[in-house]
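Residue numbers (my numbering), protein chains in the order written: chain E, 1 to 876; chain W, 1 to 548.
Since the hints were made in silico from the structure, they are not lab data. The beta carbon of each residue, even a glycine, is placed where N, CA and C say it ideally should be. Careful, some of the hints might be misleading.
What the hints assert, rightly or not - 25 Å max Cα-Cα, derived SDA-like pairs, lysine to any residue: (1) W:73 x E:817; (2) E:531 x W:73; (3) E:823 x W:92; (4) E:814 x W:70; (5) W:88 x E:531; (6) W:73 x E:833; (7) E:814 x W:49; (8) E:849 x W:131; (9) E:840 x W:131; (10) W:73 x E:855; (11) W:88 x E:828; (12) W:88 x E:845; (13) E:867 x W:49; (14) W:481 x W:503.
Stated by the list, open to error - Far from chain E, by Cβ distances over 10 Å, these chain W residues were calculated: (15) 90; (16) 99; (17) 110; (18) 118; (19) 156; (20) 222; (21) 251; (22) 271; (23) 273; (24) 333; (25) 341; (26) 385; (27) 414; (28) 449; (29) 518.
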Amino acid sequence: MRGKLKRVKSKAQQDWDERITLNYRLWMSDGVGSDEEMFETGERDLNLLLEGLPLNQEASVLEIGCGVGRLLYAASKRFKRIVGVDISEVAISKAKELLKHLPNVELNHVTSSKLGVPDQSFDLVFSFATFPCLPTPEFCSYLLECARVLKFNGFLAIQIYLGEELLYPDDDSLSLRSYKPENLKAVFTVLGFENIKIKSFPPDYPVATSIPQHKTKAVIVVAQKLAPAKVSSVDQLVQILAPSQTKLSSQATQYELCLYYNYAKKLISEKNLSEALKFVEKAVELSRKLKDTEIEVELAKLSSNLKGTTVFTFESSDLKFELIQGVACPFYKGLPLTNTLNPKAYEQKFAERVLEQVSADQSILLVGVGGGEWIECVAKKHQRFLVFEPIKEIAEAFLSRSPIFKNKFVERVPSNIEVSQVFMLPPYKQLNLREVEHLQKRLIAKKLKEQNLSIMVIGPISGGSLPIARYVHSAIKNLGYRSTLLDFSSLANASSQISELPIDECKAASCHKSLVEYCSSVIKIVAEEEKPQLAVFLAQAPVNPQTLAELSHAGITTVFWFVEDYLRFKYWQEYAEFYDHFAVIQKGSAILEISKVAKNVFYLPVAAHPQTHHPIRLNRDELEKYGSDLSFIGYGYPNRVKTFLRLLDYNFKVWGKMWPTTKPFNKLLPDKDRLLEPEEYIKIFCASKINLNLHSSTEKDFRELSGDFVNPRTFEIAACKAFQLVDSRSLLRELYSEDEIVTFDSFEDLKEKIDYFLARPFEREKFALQAYKRTLSDHTYEQRIDALLTEVCSASFQKISDSLNNSPWTRLLKSIQNYPAAKRLFLTAFQKGVPFDFHKICSSCLLGKTEYDLEEWKLLYLYHVNKNSKRFIKYA
Amino acid sequence: MKDKRVQSPRKCLICNIARFGDLLQMSPTLVGLKSEHPENFVTLVTSTSFGEVTKILPKVDKILLLDLDWTIKKLSHDLTNFAEVYNKASDIIDELISDNYTFGANLSSNAASSLLLKIINLPEQRGWIADDAGYRLLNSRWTRVLCAFLSGHTRHLNSFNVVDYFRLIAEVTRAPKHLVIERQSECNEAARRLLQNFSFDPSMPFLVVHTGVSQMKRSWRLEYFAKFIDHFVEESGWNVILTGSGMEKIMNQVLVKELKNKHKVLDLSDKTNIEELTGVISLAKGLLTGDTGPLHLAAATNTKSISLFVASGWPYETGPYREGNLVIRPVIECGPCSPNGVCSTVECHDLIDWRSLVALSKSFFLGEEFITEAKNGFPDCFVYLTAVDDFGFFDLIQINNTFDRYKELRRLYRQLILADFESIEQIPVSEDFCDKDAYTLCALARQGKEITSKLLESLKEKQSKAFLESLTNQLEQLDEKIAEIANLSQSVSLLAHLYLYEKEAIYGDVLELGIQTLENYRDLETRVLQLNWLVNSLTRQSSLQIIS
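Sequences and hints are given; from them, build the entire structure.
Structure (structure tokens):
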């Protein structure tokens, strides 16, 4: 009998080692999703076992069949000393891993029912879901041991099945043995246990506790050791416990098959196909043992499906998965989103390439889950990452099998996301993810934008873009870059004088051309001296194509910001091809048309300059002079004249140039026909109850129905926190919402809104405030320049990078990184636009202080050495 | 003379990065510092360009050379390598700081050397230093008076030599009465070896002529040098050695070409290092030159010299610091002119007759009677003999009778300054003003005293800010008037300038500033009154008009 017992134990150990290795949570806790959940079930079951027992923290406790420590975890919180034993070495090893942080838990692998602990050393011995799987002699052997190791008054709490007597072959380590209650009680009595209580499981217990076909159910038996055992022989106990000795045929295989099959189905529903396949194949193996052809065929079909072409399809029919080499490969609208020949290897390699390019402190964005392999590979070696999967179902599928990544997923990619690099699984490029592209551009551009860029700004001689050139210059400086503004406005008189000369048009054009030649040569000379990385030309900047080509050839990236209507002003056609980048204030057909001639065309609306355009308080006189119910500032285009003639009844002031000075229009003109200075029109904006903002049109009587771009006035009025009514423009709502700016579509609509808002000052204020906030947050020239630089730096990265590397300022600033005072001095000079001359740099940025630190004194010393150079060299 | 005895040894930093000649003129100061206390440690900071000269300077324990040429080139043409320049400068400055000097004197007037001293922040600093904002500060009375002489049109009233200025700025009272060099015998040996290479026998008498054409207008006309040399060698039988740097080389070649007696002339331009040059001058019987570095080498090696101070040269200032040398200065209204000004005519060169110079040189260098020639041969020049006065200061004794209308006033100022700064004598005061400017200046000084006293009282009484501001404004207006006198007056310009420099040097809190200002006005008043007395006493003695 003893020899036979030894062989059975080895098989039992083997069986359990295999099972635990396959999926410990499946066997220990019916396949819950996480260890946390598993330990929760352990706590639940421990509570059932120990309910009502008078045990305190000091009690020493032993669990027989502890497995991976499912109940031990909870027990460790209640008792100072716990010992767990199990015949499965794999289980004990896993338990040690899971409970390594619990110093009060001792784990022992036992190869027999001999527990290897001293007599009467425990206050409590418990066991759950272990004894029913043991052959009766084994069970009795353990009971004898329990009686030995328990202290007097100690408790035994076990879970077993009672009802009919159900016995199974000794090599069956899974089938559930059941005993008659009276037999069990008898065994307990001879072993010295009294106060035997048998408890049923609560009706809501989540696991089935009865074996219906056999009238037997799971119970908790608790007894107290109050007397010495009267029997010491296992055989005697077996005789008492299971007198019939009739064994049923083993159910282990069926039970396992059933378990695996059900589990596989659960995994399939969670789209964890590779895992599901594992269990299906295990079930297939078992079904072969059973020689159940029907089940075998069904399982084989399921296996084939999992390995096969279509596993499941979503309702949209845009997305499907194929299991290739155990990787669930997604296909979106027929496009594979990972490599379909060898997805695992492909994604692993991609992950390696990603990891090569990042350092531990960098935060990165991984775009596109694909098969998920690369995400998991990256996650193993790099902590700081986020994942963006544009297709929701793919994200869900991945997260269902790898829920630990839940916090890593982002639903969208905002432009201000804080990451250093973006890595996109290559097949996802086909999806043209705009937001990701924009982020990539931003990150590429950032490398250059963080450096000391030098930018030249060239404005027109006169016209609407002249102030914009100045705003651009100011914005560039505010962003910390070096800006050189070439302001040719002093030539305005010369330019207008040409028109007044008594010469024909041809000759006048020739004179204008000479003016442009002059300006072009100035641009070239300054560019040669300054060596900027970029040159930004505003609309109507006086430059000839040859100069543009020369600048570009010299390594300067040229940008044209065309802030006019491309249909009305066509001169761009002559110059567009000579610029490296072309920014426009319109979209759609404008970009398409211009792109036929120009390179790198992009949308860039105008903005406001908060240092110029801001709310001001006006005194009484100013309010009287500039204030009115309605106002308009600008040129007297025909559509405006016609419209305003219909508003004569209002307290309406019209300012600017080219307005009719005859009756009745002259009634609207408080001042003569002239251009206003910015300070004045800001006063008008702030003093007016309603600022009319009617975009100009040379063709329509009222407004351009297809008007798209938004004029500078819109932003400027908003920045002054003044209220305006703007004619509808197709691009307006991208810039301002309906809560921020009020638009009108027709004259009647305009009139209605004028009357409405004149009567509602608080509403006007509310809109003005909203528009003001929006303008400051999104529509300043700093933001536009930032966007321009993102576009330009990402597209012309190499050219700008080369220019930077060749720039003497860059080389200088790099070399003095470790000298704070020198760095401050040169950076200040750089940003102030001081020429690259030591004497001028110091004169501008060092002299005149009342105190210097040591480093600054050294700089001052060098300044004077340089200043006295003639003297020193002469006397040498 | 005040005798400043130093009780404990000092670690001294002397800075002089101006000129080759300045370094030699500093030699008595260096010797003086060492004689103050044998354990004095002396470090000299100068430019690499003059590194050679430092080899023969006496009593220097450590030399730090600033490669200013390299620094300037880098800053002007290669600013991208600024870090390299900065590191080099920083290393030197850090070394100077860590050396823990206790005393420093900057003897060069440029801002760079002033800042150097400021950065090192020595407990005692003299000469040209800088304040906390980096502006120049003249931290010594002698520095201020030198600047006062140089800044206005009163240079011709300065009778103190740079050597004396240097030693007084450095507060050295006991110093040799001549320039000093070291290793003279080594230099002589080196010269002999060099001359041997040219088969020139140094035992034969020879004259060294250093044309100094690198200074252009300060160098006598080359044709005159040529004529002088030709006739001198003929008449004396001596040889002549031409010396000069690379800059003189080409011009000297032109000069030699013009000579009839080339065979008697050895051109060593750009062929000598400092030791060889020193040796050559030392072995020579005499040196003829202008206001040049070799003039000071001659003074150091006790070689007789005749120096020609034309154009902007001022012999009192930079004359050879040793007794018994001859100095010739043309009489011309425009002299001494500004060193930076350009002159197309240089008429002053023509006033020195080369024939007379030949005659004078022959007698002087041969050790014969030369006074007659000196007296008679140069009617359009002042001829001086160098000397040391009773107080140990360099002086020039005029040998000939050419009238010098500033001579007396110069003497009076010398007397005044020595009395004031070195307490040599007590000069009485007089309310008998020597001229209108003196009267005005004194009145302004008295007004200044009055307003300043009021200011000090107001500070004590905590008067209103507006009241204090009005007093300050009055003082400013007053000082503007003093500045006008400084720019325009002939007689008292120096005193006005001196006051303005002293005003620059005041420091401290408001009260301390007020007290120092009061003292400055008092000093100004006293000096004017003392000048009055001096002028009047001289006028009483003779009928000479002091002030024209």
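- [ ] Mind verifying the non-interface call on residue 333 of chain W? Its CB should be farther than 10 Å from each CB in chain E.
- [x] holds, 27 Å
Task: Non-interface label on residue 341 of chain W, tested against every C-beta of chain E at 10 Å - done: Holds: least Cβ distance 14 Å, greater than 10 Å.
Task: Given pair status - residue 845 of chain E, residue 88 of chain W, alpha carbons within 25 Å - done: At roughly 22 Å apart (the allowed maximum being 25 Å), residue 845 of chain E and residue 88 of chain W satisfy the hint.
Open item on the list: Does residue 131 of chain W sit within 25 Å of residue 840 of chain E, going by the straight-line distance between their CA atoms?
Closed with: holds, 22 Å
- [ ] Classify the label on residue 273 of chain W as holds or violated, using whether its beta-carbon is more than 10 Å from each beta-carbon of chain E.
- [x] holds, 15 Å
Task: Straight-line alpha-carbon gap residue 73 of chain W to residue 817 of chain E, limit 25 Å - done: holds, 22 Å
Open item on the list: Just to be careful, I want the Cα atoms of residue 849 of chain E and residue 131 of chain W compared with a cutoff of 25 Å; is the pair within it?
Closed with: Status holds; Cα separation ~11 Å.
TODO: Compare the distance between the alpha carbons of residue 823 of chain E and residue 92 of chain W with 25 Å, and conclude whether the hinted pair is satisfied.
DONE: The hint holds at about 21 Å.
Task: 10 Å cut-off, C-beta based - residue 222 of chain W kept clear of every residue in chain E - done: Non-interface label stands for residue 222 of chain W: nearest chain E Cβ at 20 Å, farther than 10 Å.
TODO: Mind checking the alpha carbons of residue 481 of chain W and residue 503 of chain W for me, to see if they're no more than 25 Å apart?
DONE: holds, 14 Å
Open item on the list: Does residue 49 of chain W sit within 25 Å of residue 814 of chain E, going by the straight-line distance between their CA atoms?
Closed with: Distance ~32 Å between residue 814 of chain E and residue 49 of chain W Cα, so the pair is violated.
Open item on the list: Hint check: residue 814 of chain E vs residue 70 of chain W, CA-CA at most 25 Å. Holds or violated?
Closed with: holds, 22 Å
This entry does not satisfy hints 5, 7, 15, 17 and 18, going by the numbered hints stated previously.
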